[in-house]
Amino acid sequence: MRRALAGVGASKGLALGRARVRHPHVLTLSEETIAAEAVDSELHKLDAAMQAARDELGGLRNKLQGALAQEIGEFLDLHVLILDDPELRAGLRDLIQIGRYSADYALKLQRDRLASVFRAMDNDYFRTRLDDLDHVIGRVHAALHRRDDDGQLGLAGEILIADDIAPAELAELSRQQLLAVVTRTGSPLSHSAIIARGLHLPMVVGCSDALSHVNDGDALLVDGREGLLIVEPHADDLAHYRATQAKIEKKRAQLERLKRAPTRTQDGVDIGLYANAERREEIAEALAAGCDGVGLYRTEFLFMGRPDVPDEDEQFRAYRDAVLGMAGKPVTLRTLDLGADKADSSGLALRNEPNPALGLRGVRLSLSRPMLLDAQLRAMLRASAFGPVRVLVPMVTAREEIEAVKARLLALAARLRDDGVPIGEHVAFGVMVEVPAAALTLADYVDLVDFAAVGTNDLVQYLLAADRTHEALDGLYCERHPAVLRLLHLVFAQAREAGLPIHVCGELAASARDVPLLLALGLRDFSVHPGAVLEVREAIRAASLGRLKRRVSALLKCRERAGVDRWLARVNAG
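In my numbering, the protein residues as written are 1 to 574.
Be aware that a few hints might be false.
Derived DSSO-like pairs (lysine-lysine); straight-line CA-CA distance at most 27 Å [claimed, not checked]: (1) 12 / 329; (2) 247 / 259; (3) 12 / 259; (4) 259 / 329; (5) 12 / 251; (6) 250 / 12; (7) 406 / 329.
What the hints contain is simulated information worked out from the structure, not anything from laboratory work.
Source: prediction; values computed, not measured.
Based on the sequences and whatever the hints tell you, model everything.
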């Protein structure tokens with residue numbers, strides 16, 4: 001019987017296949033004790049399960065490759081750290097040895113204990129860590145009950161229906177030719193959804209009836225754009241699917257032809273189009289797509305998943321390879337943007353903070369660790385000998401921070417030249433505009449910088465006081481909020497008046513649908529992940545700056561998102 005189940009589209013695309021339903025691991029709810037003579041055996045079972053879980057995470061970490069290796073690797077590293085946490089392990093052993101509880105029930109009790117501590121902190125960061133804890137406990141629980149002949153979950157050609165899915169699992173399952181994912185919970189702004197989009201894997205989240213209305217083997221049709229799951233689709237559904245797939249393939253072929261096309265509006269204005277890239281594969285993809293350079297090279301991946309900090313030479317080699325890979329086009333290297341929320345999976349010894357998003361991160365961390373900053377800046381300067389380099393500083397809020405980093409950059413450049421070390425003739429210096437304070441006062445420090453980059457992901461989050469990954473705040477975190485648009489308009493106006501080059505490198509810039517919005521507000525340079533370059537170029541080529549300029553006043557008068565959506569619909573309709 002045909003059933004149409006509604007969810008929220010998290011990653012566009014269509015998929016047709018059979019269902020594989022994975023119900024959540026249920027920890028033993030009733031108290032389960034063991035005899036004294038069974039304690040050693042139960043401890044052995046627990047140790048074996050935890051080691052198996054750790055081996056799974058390590059094995060997956062070693063297999064990571066491609067554009068999403070950094071992002072997925074961060075989650076895997078964090079899960080290993082949780083698994084190795086002494087408090088978690090000691091608590092489990094005490095529950096078995098002293099409480100005489102089974103390993104299953106000990107997992108439940110320890111999870112509940114830690115969860116109550118996290119909830120008592122009333123903090124978004126620790127609420128997110130609770131989700132990670134659940135994923136780790138679930139992995140150990142699954143290992144406890146796995147037989148030697150269970151093998152891996154084969155999902156080739158199937159659609160996974162689950163309560164939730166961790167970013168790390170997506171990497172694991174995508175290698176098995178998984179067709180699509182539908183989850184009962186989740187948000188289109190979650191890390192898992194972002195990973196799914198990077199993998200071009202159709203995904204629907206928040207489909208509350210999925211687990212109760214889908215059985216293993218059911219024929220499914222998933223529409224990741226519309227957020228729709230159709231169970232046992234009819235012939236009309238299948239005909240629509242095939243017609244839509246044909247359009248998608250035709251569209252893909254059209255986009256391929258844009259690789260060497262100019263990024264120019266209908267009325268002849270050239271627009272800059274850069275890539276957010278750091279891995280070798282991303283650099284190659286960006287170059288092949290005809291990008292103008294790298295607008296954001298995140299350096300954090302060099303620091304993650306290791307017990308030490310990369311030295312200057314290791315960093316230099318990575319930056320040099322990126323510069324060489326872009327064949328003479330500029331590469332924008334961002335200094336370290338880590339805080340206490342990610343530092344645990346790096347070699348940086350940082351204290352836990354109650355609110356890492358507002359704590360010691362970005363430029364604040366760099367200035368608090370001058371040796372760390374100097375090593376990174378020297379490596380960037382040395383890489384500039386191989387091609388144009390731009391140094392970008394994140395999370396600035398005050399002129400004094402900019403002056404301090406720029407002074408170090410100039411002093412280190414002078415010292416390297418004195419020592420006979422080759423560096424570029426001019427290394428451009430810029431800052432991220434991702435805090436409202438920086439956005440409002442850009443005109444006050446344009447004399448210190450050569451360019452600026454707007455990080456809309458953080459800017460929207462800080463401006464609206466809404467965590468973009470928080471499921472309950474989907475309606476509050478909104479890149480099209482009138483306050484966001486008016487602030488961006490102000491930022492672009494300040495840059496234009498000062499003659500300062502500025503680009504946007506957040507998720508908003510990668511949305512082809514929102515290209516007219518950003519152009520109308522005054523943006524002339526975009527930086528997007530390599531997979532979005534061709535779609536964004538197509539949207540730019542379809543736009544007329546003259547027409548958009550005439551409509552910007554109406555956009556700025558919008559008082560709610562619905563009005564912005566109507567404005568966009570009219571513009572995109574021509």
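Status of the hints after comparison with the structure:
no.	hint	in the structure
1	12 / 329	violated, 31 Å
2	247 / 259	holds, 19 Å
3	12 / 259	holds, 22 Å
4	259 / 329	holds, 16 Å
5	12 / 251	holds, 14 Å
6	250 / 12	holds, 16 Å
7	406 / 329	holds, 23 Å
Hint check: a violation occurs at hint 1 only; the rest are consistent with the structure.
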